[in-house]
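Q: Chain residues, written in single-letter form:
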Amino acid sequence: MKCDIILSGVGGQGILSIAAVIGEAALAEGLEIKQTEVHGMSQRGGDVQSNLRISTDKVDSDLISLGCADVIISLEPMEALRYIPYLGESGWVVTSDAPFVNITNYPEEEILKQELAKLPNVFSFDVEGIAREAGVLRSVNIVLLGAASTAVGLTAEALEIGIRRVFSHKGDEIVDMNIKAFRAGADAVKGGLKK
Amino acid sequence: MEKLLLLGDEAIALGAIRAGISGVYAYPGTPSTEITAYIQNSKEATSVYSNWCTNEKTAMEAALGMSYVGKRALVCMKHVGMNVCADAFINSAVSGINGGLVVLAADDPSMHSSQNEQDSRFYGKFAMVPMLEPSSQQEAYDMMNYAFELSEQLRTPVLFRITTRMAHSRAAITLGESRPQNEMKPTDDPRRWVLLPAIARRRYNEVLGQQAEVIKISEESKFNLYRDGSDHTLGVIASGIAWNYFNEAFPDGSPYPAVKVSQYPLPKSLIAKLMKECDRVLVMEDGQPFIEEQLRGLLDDKNIDGRLNGKLPRAGELTPDNTRVALGMEINQHFAESTAVVQRPPSMCAGCGHRDVYESLNKIIAEYDNAKVFSDIGCYTLGALPPFNAIDTCIDMGASITMAKGASDAGQHPAVSVIGDSTFTHSGMTGLLDAVNSKSKITVILSDNLTTAMTGGQDSAGTYKFEAICQGLGVEPEHIRVVVPIAKNKEEIENILREEINYDGVSVVIPRRECIQTLKRSLKKKK
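Here the protein sequences line up with chains A and B, keeping their order.
The first sequence runs 147 to 341 under our numbering.
The second sequence runs 880 to 1406 under our numbering.
The reader is advised that the hints may include incorrect statements.
[Unchecked claim] As a list, the in silico SDA-like pairs of lysine to any residue whose alpha-carbon atoms are at most 25 Å apart:
no., chain 1, residue 1, chain 2, residue 2
1, B, K1403, A, K336
2, A, K316, B, L884
3, B, K1403, A, G191
4, A, K204, B, K1403
5, A, K148, A, G158
6, B, K1403, A, D322
7, B, K1403, A, K148
8, A, K326, B, H991
[To be verified] Pulled from the structure, derived: some chain A residues nowhere near chain B, Cβ distances all over 12 Å:
no., residue
9, G158
10, A172
11, D203
12, P223
13, E303
14, D318
15, D322
These are calculated hints, taken from the structure and not from any lab test.
Backbone N, C-alpha and C define an ideal beta-carbon position, used for all residues, glycine too.
Could you build all of it, start to finish, from the sequences and the hints given here?
A: Right under this line is the structure:
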């Protein structure tokens, strides 16, 4: 098993928490992991991304090669598009459809939709809507992970272990909220990812 | 066996804790900050001194003091911090050390969060100290204790060099045993610590005399290796994380013989063998062409490929893609870059006090024909971007005050300096004294958010001391003006700025309001 995952979004959206959950889940499964993060200046409202590589075999490079990502998981549609040069031929894009507009030259939403539609495997959805419905608005990022969970090469059980490990120091209430968020996301794609 | 998922920085921190350090000395700087932060928060390190330092020079010197009395100390900084501590660093290689001393420099090729991509290995060569450059997070962890042992064995500081991708990438780390801290012990040869010319000359000769041994240790190090291959048309030298990109290109094993370099001085015998065995040699290194230049030499050996002949890009970090290209392999990109995607540069946070400062400053300097705003390193450097476009310069830590002074000496007015609280204590105070002594007509805006915000909210050395510091340096008390930068006080700030710009001397305006990020965090904690 090998899965190359690109996580993307805007600073402060919660990309690193998704990365941490997948990382801990992979660690619990005894897999090899490498996961890059962006720290420093970009975190102030700039674009942020994380390359996450998990495998049963040794992982050499910390960075994912062009054309090799199995999935792009994004909290923002333009940020999903930013990394498509890295997407594998049959790779998936799982993204929030809600633009985060903090720049004046942000492209029109319709153009982003058209660009995404050109790709073979895209699931773009209202992550925030699902989070609101489930009463877990503070865990939008984990709803997204739930929706993408079948594409990251780990079982739902393993990912829930990851959630418990990452959030346990914040107390049971936060853990439960994130488990609920994860399941709400997974329910949104019941039967597998479809375009 | 115990396994943890750790950033390279965290693996280094834990490696240092378990190697028995008694202190870590550092000024925050991306990508090195998480090392010290991890030690500060580690339950294993409660007896390790770990307060943030005012700058990299004070950090280096304090660590040397700890080493002097026999204990192990770690110094951490980003690459440009090496410039700040260079005086102490270079001379500590002449005096030598007592307790193990490891200097960690985190380089930032591609300048993700930096003003240049200088390569710290040049400093190590310059000072003639051994260097380590891990290729993986596990190796980084394992190397820490080795680094301290090497330091104590050779009685020299050891430079530990990493780059951004090593610092900020996580991997599962298998942990080793803890070693107790050193007891205090008197130094051997006490005179070597007094670098009077006669003693320094003796010590310098001893350092020179030791180099053959240092190279031999490097050649025999388990962190350097020669790996043979079937195809001798090409040999590869890969240092640090470049080794991973090289291996990534050949999942079933490389046909080319290769030398992995993770310890310096360069392992001469391994490289000589590779050069002899192979028709051409490709050098892969993250950062500047440090190895490549040495191999090419002045007469430019034509059988060497790398950054200097265009096989690899001259600037920027290595990637699995540019290393593939250098190896003559294809890249299998399936989807072209989307033309809809635009840049999303970072910006100051909503509610940040620096925003209020720039709004008022822009309004006031528009009243003058030719105002210049000299700024500095911190979140407020983002004032260079729209909508503010408020600053004219940002060069290095502290340069805002001294450049304003120099411009003012030449007749520039208004000459305004914008500097943050942490940068001011790091390198701004001495420049302010220069300005006071020259009665320069400059206006310093010391934008105080009570923290080192840019790197994530570390303690700032001068918090609640700035009025006293400025007064102590000789700024007249009536020209030290404190305001709270909020919308309500806009008029007050603007009046103060105008008055002080018109004042014929040094003024310091201190807009003071807590960083919105640290405020949010402390409110969350209270809940």
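Q: Taking the hints in turn, state whether each one holds.
A: Evaluated hints:
1. B:K1403 x A:K336: violated, 35 Å
2. A:K316 x B:L884: Status holds; Cα separation ~19 Å.
3. B:K1403 x A:G191: holds, 20 Å
4. A:K204 x B:K1403: violated, 40 Å
5. A:K148 x A:G158: violated, 28 Å
6. B:K1403 x A:D322: holds, 19 Å
7. B:K1403 x A:K148: violated, 38 Å
8. A:K326 x B:H991: With Cα atoms ~36 Å apart, K326 (chain A) and H991 (chain B) exceed 25 Å; violated.
9. G158: With a cut-off of 12 Å, G158 (chain A) comes too close to chain B, as the shortest Cβ separation is near 9 Å.
10. A172: violated, 8 Å
11. D203: Nearest chain B Cβ is 8 Å from D203 (chain A), so the label is violated.
12. P223: Check fails; 10 Å does not lie beyond 12 Å.
13. E303: holds, 18 Å
14. D318: holds, 16 Å
15. D322: Check passes; 17 Å lies beyond 12 Å.
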